[in-house]
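Turn these sequences into a full structure, and let the hints steer you where they fit.
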Amino acid sequence: MSTTTTGTELGADLPERRDAAGEELPPGIGPYALAWRRLRRNKVALAFGALFLVIVILCLLAPVYAHDIAHTGPNDQHVDTALDQFGLPIGPTWHAKFFLGADNTGRDVAVRLLYGGRNSLQIGAEATLITMLLATIFGVLAGYYRGATDGLISRAFEVIWAFPVYLLGISLGVVLAISGLDLGFIHISGSSLLITSLIIGLIYTPYVGKSIRGQVLGLREREFIDAARQQGIGNFRIMFHEILPNVSSTIIVFIPLVLANAILTEAGLSYLGAGVRPPNASWGTMIGDGIRLLPSAVHTMLVPGIMLMLCVLGVNVFGDGVRDALDPRARIRIDH
Amino acid sequence: MRKYRRPLWAVVAVAMAFAVAACGSSNSSSSASGGSSASSTTSSSSGGSSSSGASGGTATVVEGSYPQSLDPSIDFTTQGGEVHWLTYLGPYSFAHASGTAGTQIIPSVATALPTVSDGGKTYSFTIRTNLKYSDGTPVKASDLTFAIERDLKLGWSAASFLTSTIQGAADYAKGKAKTVSGITTDDATGKTTIHLVNPYGAFVDVLAVPGVSYMPPTTPMKPEPNNPPVGFGPYVIKNIQNNVGFSLVRNPNYAAQAVPGIPAGHMDVNVKVESNTTTEASDVLNNQADVFDWGDTIPPALIQQVSKLSDRFKAVQTNKTFYWFLNTTEKPFSSTLARQAVDVATDRPALARLGSGALVPGCYLLPPQMVGHPTGTCPAGDPNSSPDVAKAKQMVQQSGMAGQPVTVWAQNRQPRLEWAENYAATLNAIGFKATLKTIADADYFSTIETLKNHPQTGFADWQQDFPNPTDFYQNLVDANAIVPVGNSNYEEVNDPHIQSELKSLYPVPANQLGTVASRWAALDSYVTSKAYVVSYGYLSSPEFLSDKIDFSKVVFSPLEGNDFSSLQPK
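Residue numbers (the working numbering), protein chains in the order written: chain Y, 1 to 336; chain S, 1 to 570.
Hints are computed from structural coordinates only; laboratory data are not their basis.
Any given hint could be a false lead.
Said to hold, decoys possible - Calculated cross-link-like contacts (lysine to any residue; reagent style SDA-like; alpha-carbon spacing at most 20 Å):
1. K314(S) - F86(Y)
2. K308(S) - P295(Y)
3. K121(S) - S164(S)
4. K433(S) - N75(Y)
5. K452(S) - G180(Y)
6. K393(S) - D76(Y)
7. K140(S) - A112(S)
8. K553(S) - L309(S)
9. K308(S) - Q85(Y)
10. K433(S) - D76(Y)
11. K222(S) - L154(S)
12. K452(S) - V175(Y)
13. K433(S) - P295(Y)
14. K174(S) - K222(S)
15. K308(S) - F86(Y)
16. K314(S) - A97(S)
17. K433(S) - I188(Y)
18. K393(S) - N75(Y)
19. K43(Y) - L60(Y)
20. K314(S) - K140(S)
21. K433(S) - S191(Y)
22. K97(Y) - H67(Y)
What the hints assert, rightly or not - To give an idea of the chain S side of the interface with chain Y (calculated C-beta under 7 Å), a few residues:
23. G261
24. I303
25. S356
26. E418
Given the structure is predicted, the values throughout are model-derived calculations rather than measurements.
Glycine included, every Cβ here is placed at the ideal spot set by N, Cα and C.
Right, here's the structure in full:
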C-alpha cells in the first residue's frame, strides 16, 4: 500500500514562494493553472469574454437566422418593399424580416450584421494567426541568431513600422483589389477576404515580432540554453523546444490584443473602401454604407457601430484579464 | 514612436468621428459673400459680357471628384469641362444660356461661324484681332495648331475627335509627321483653314469643345496639371492643391476684350473636392458651400429636404445616359441572347429608386432630348415596369452561358455603387455567377478604358459634349474608338451594320440633323435590340445652390452645368 503526499507537505520546510505580484504561490501548481486561477477571479474579464463568445456564436448562426427567421439572404435586395421612392430605407420593425431595418439597397440589416460579423471575425482571426506566425518565426530567428539576420529582420520590421497602419493598409488594399495577389503557385482573387487578412496580418507583424525578439535576446544568454548547446542540440531544436515555450505566455497575451486591433483595422479599411469588397458585408462596409444615410436613417450606421464596439470591447477587456493572469507585471501594448 | 491608442479608445474615437460626420462636417469659411462690395474687376459693358447684377466676393463650389486634369490638353470630364470653358476659349464656344439655347454655337476667338467648302471637307474662319492671353501675350491664329498638336501629343481623352477628322492629325499623333498638315494659318490676317479627311457634320461642335482652345506656343509640351497653361478666357486657374481644390479668379485682362456672349463673371470661385455626396449636399444646404456638383446626385438622405427648396434647387433634365457595358468579345456576353437576357432582367424602376428618384427609366443609348432618340417600345418591354426575371433566366439557359462567371466593374460613388450591386444581384438571379469589382472613383474610367484589363461588364455613362448623336456613337460604339488605352468603346463592338450607317451619318451637317433623325433612331433601336449596351435611364442633373447666391440669375448650361460666370451674390 502506497502513501501519497501533497505538495504542501513536501514543501512545508521550503522557504515561502511568491509570484511576481507578491501573491503566495501554492507549491506544485504550474504557471498556466495559476493563470487560470487568477483569471477566474477576474469576473469583469470573464463577463466580457462571455460577451465576445456570444457575439461569435450569433455570427456563426447567421445562416440559420437568414434562412429560418428573416427568410432573406445577406445580399438580397428588396428595393420595392424596403425603400421609399427616394431610395430611403425603412427603419427597425417588429417583424422577423427587417427587424433592424433595411440598408441603402433594401437589404436586411440584421442579416447583414450577422454575416458581416462572420467576415469581420474571420478576417480578425486569420490576420491574428498570420501576425502571430510571422512574428514568432521572425522574432525568434532575429533574437536567437542576432548579427546580420537580426539586422535584416529588424530593418524589415522598421520599414513596415514606419508607415502609418491605415495608410499602408489602404495602399496595399487598393493595389491588390484590382489584380489580386499572384504568388505563382497560388492566386488570390482581389475580392477574397484573405487579401484583407494578409494585409492586416502583415502590418501588425512588427508590433509583436519586436517584443518576441527582445525576449529571445535575453533568453538566449540563459544557462539552460548554454546547457542545451553544450549537449550538442541543434539551433532549430533549441529554438523550438527551449526558447519557444518560454515566450509562449507573451504570444498568448498578444493574441487578444492583436485580434481586437485586427477587427478594428478591418472595419477601418472596409469603411475606407480598401477592405472587404461590396456586396460582401462587414461591420466596416456597413458603417460606410450607413454613413451616407446618416441624417435620415441612423440605424444603418448605429447598429454595426454598436456591434463593432461591443466586440472589440469584449476582446480587449478579456485580453487585459489574460495578460494580468499570465504576467501581472507586463504592460504589453501595440503602438501605432 | 507614435502615440499609443488602445483599440477601445480607437472605437470611441471612430464613434465620435461618425457622430461629427453625422452633424455635418466641413469648414464654414469661404462661402459666398460681399453682395454689396464692389468687384475689383467689374463686369465689362462691352459686347455681351456679364449682365447687370451684384458682383464681388467668392463662391465655394463642392465637387464630388477632382477633374481628370487641370491641363485642358488632357482633361475630358464634366468637372474639368465646366472649368475649362471659362479659362480656355477656342475658335467657338457654346452659348452661356440655360435650356436648349445653351447648345447653340457662338463664335468665340473666331469672328464668325466658319465657311464650309469642298463638300464639307474644308472649314475656314478668321480670328479676332488684338486679343491677349491672361499674361498679356497676343493670341495668334497659329496658336490653335500648336494647341491641337499638344492635345494629340499629350493624349487628350477626346483626341479621336481630331485624329478621325483632321487631315494629318492621325499621322502626327503616331509620330509620323512633324505637324498636323490639315491646318493652315496666317498670323498676319488671322485666317485659319482646316482640311478634313472626310466630311464631318459635327466639326464645328468639336471646335467648341473645351480642349480645342488657344494657348501660346511657349507652353511646355508636357502635362501641366499643377501649373496649367496660360489661356484666354474670363477666368484664370490659381491656388491648385492637387485632388483637394483650386480657385478660379477673374481674369483682369478679359473684361476689356470680352467676347460677345461670354461674360466676364461676377464672383471668384473656390472649388473644393468632397467625395461624400451627403457631406457635399449638406454643405450647400447649410450654406457652408454655394454650388453642388451637377455631376452628382442629391443623396436619398437629403433629397426630400432639398427638393422643397424651390428657390435653391431644380432638377434639370440633361442629355446624360446611364448604361451597363457588355464586352462582346468575351463570354458570356459574346452571346447576343445572353446580352438580351440582361436587358430583359434589368430592374429599371429599382435603379430609379436607388438613384434618389432622379433617374428616368429608359432603354435607349440616345437620351430623350437628343435628335434620333427612338420613340418606339423598348425591345425588353416597358422600362417603368418590373422585369421578367423568369424569362431572362430562360434566355440565359438557352444561350448556354448559365453559370458563367461575370465580373461587374463599378465605382464607389453613390448611387453608382448601389446600382452596380443591384446589377450584380440581377445577374446572379438569372443564372450567372457575378462578383463586384469596385474601383476608386478617380481611377475607374482610366482602368476600364485600358483594353488589357478586359473589363467584362460594368457601369458607364455619357453626358453629351454637344447636341449631336455623333458624340455618343463615335465614342461608345464606333469600332474606330477601340484603342489599347483610352478606349471608350468598352463593349468592343465592331458591327458592320453600325459602321456602315455611321459612315453615312457622320457627314450630315449639324443644321440638317433633322433630316436623318429617323435613321439615327433606327440605328439606336438596332443597337438596343442587339443589347450591345444596356441603357437603364437618364439622370436629371441637380441645380442646387446656397441661399447666398441669386438662384434666378444663374445659368445652367445643358453641356457644362452651372455656369460659374453667372454666379452672383444676392
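Flag every earlier hint the structure violates by its number, smallest first.
Result: hints 13, 19, 20, 23 break, sorted rising.
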